[in-house]
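Participant: Chain by chain, the residues:
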Amino acid sequence: MIVTEAKSFVLVAAMITGFRRVLVAACAGCTAVCGVGGERQAGELADALRLHARLRGEVLDTEVRGVTRQCEPEFVAELAPAVARAEAVLTLGCGVGAQFLAEHYPGVPVLPGVNTRFAGGLAAPGVWEERCRLCGDCVLYLTGGVCPRTRCAKGIMNGPCGGAAGGLCEVGNATPCAWLLIWERLERLGRTGTLDEIGPPPDWSGAQAGPRRSGKGGGVE
Amino acid sequence: MTGVSGLARVLEAGRFAVTCEVGPPKGADVRGLAAKAAMLKGFVDAANVTDCQTAVVRLSSVAAGVHLAAAGLEPVVQMTARDRNRIAVQSDLLGAYSLGVRNVLCLTGDHQKFGNHPGAKGVFDLDSVQMVDVVRRLGDPGLFQCGEPVDGEPPVFFVGAVENPCAEPVELRVRRLDKKVRAGARFLQTQCVYDLDRFRRFMGLVRTRGLHERAHILAGVAPLKSARMARFMRDAVAGVYVPDAVVARMETAADPAAEGVALCVEQIAALREIEGVAGVHIMAVAWEKIVPEIVCRSGLYPRPAADQR
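Protein chains in written order, with the working numbering: chain B, 1 to 221; chain W, 1 to 309.
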């Protein structure tokens, strides 16, 4: 899932200053699951922004609309009537949703209400943790299902580095050393032999040449 | 600097080697480097020049190495993967070779979080094992990482790497060391050793794999200057293991600095007795002036003369 976090209210309020009618666009996808960008959060944010404006003697009208996913044009198109009534759109979709809205509605400012953080999963109630760096060159078959590119602070392919101590990464936050996790898991599976292979440098050519494209089931050249 | 690594000659002649560490200045004034070189020259076979250690910006290790060489001290240029992608690693090393540098130590590098620019992007395009492979291939068979040939005389470096002999699981450390040797590391300097039993266990596994016969292993030592430093090394430096007995000895010493030197000399004597240890790497961080005394008291002075290397 794409994990998002709310931007600070102060920053959001500053972004919309000067607009009298704002559409707060929710998304029922990942950002709603994160408890950040669903219709309920959009409604609460709209209420708070109107209150904030009123206390400062400003005029603000808000409208809240949600779509199934902001990352698909046909859902984005459903917002057309509401966008037509707004001076600006404050979206609670992820960075992808915000850009799809901006592309679809070139005549209106689209402002991000959330920060898009990473691809992760639920590690504990209410806590999402990064698991995939979206490198496009999956090495999990070599590393016991633990991604070193994501979970090692240096993203190295031949770890552990000298900074691991007591099973933890030197960067702190009680982060386990990914390479020790890899070692433990491969040992349990009786497959530590793969650790003796010299892992190759990653090929970044596909990931750093502008936006990547993918067709159904495979890459699109 | 001659065209051949003096450190390689000492090690390949089977002489017990001595290296130390010199930190480049946090500025462009290199007079201090020249003074350190004059002080250390003749007492060590080569001196490592650190590459922005702990991710703090300092004079580049390549430039510092060239300054040391000009002052008569052979450098081991450290190069980390933290700040350079594969293009910069290879380019910087061609530059270093053109300036006479022959010894390179490949490291992944301390995380940028610990330095004075914690917001910097860590590169880590290569890791230390991959960097060893890239540097070895530059010289033999003379190819860039991409496979294209290097123009002219290929830069044949004496390639080194590091390993932490005291970190658990030790078996994994030895397997990783094995990878570095297979990638082309010809000498290895270890993280500093205070726990000799742990180190003996590590060397036992190294000998089982025959790694001591395929690469020269220099055991790291770091003289303790105070009880505070001993506690700091024990409690705060990731991957360093200081037994409580060592801390206690420093705490009860009348003259802790003298005790630290005595301890270091004892450790070197013990390390020399371990089969497969080809030398010692003395890391006297910000205390370089103690190195000659440690070398002399360890019976490692004089060093092989330059013309015998």
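In short, the hints are calculated from the structure, not lab data.
Just to be clear, a hint being listed does not mean it is correct.
Stated by the list, open to error - Per the computed footprint, the stretches of chain B lying under chain W, defined by three or more beta-carbons under 8 Å from a beta-carbon of chain W, are:
hint	region
1	127 to 134
2	148 to 160
To be verified - Partial pick of chain B residues on the chain W-facing surface, computed with a CB cut under 10 Å:
hint	residue
3	G166
4	L168
5	L180
Backbone N, C-alpha and C fix where the C-beta goes; we use that ideal spot for every residue, glycine too.
Participant: Are the hints correct? Go through all of them and say.
Facilitator: Now for the hints, and whether the structure bears them out:
no.	hint	result
1	127 to 134	violated (count 0)
2	148 to 160	holds (count 8)
3	G166	holds (8 Å)
4	L168	holds (8 Å)
5	L180	holds (8 Å)
This entry does not satisfy hint 1, going by the numbered hints stated previously; all others are met.
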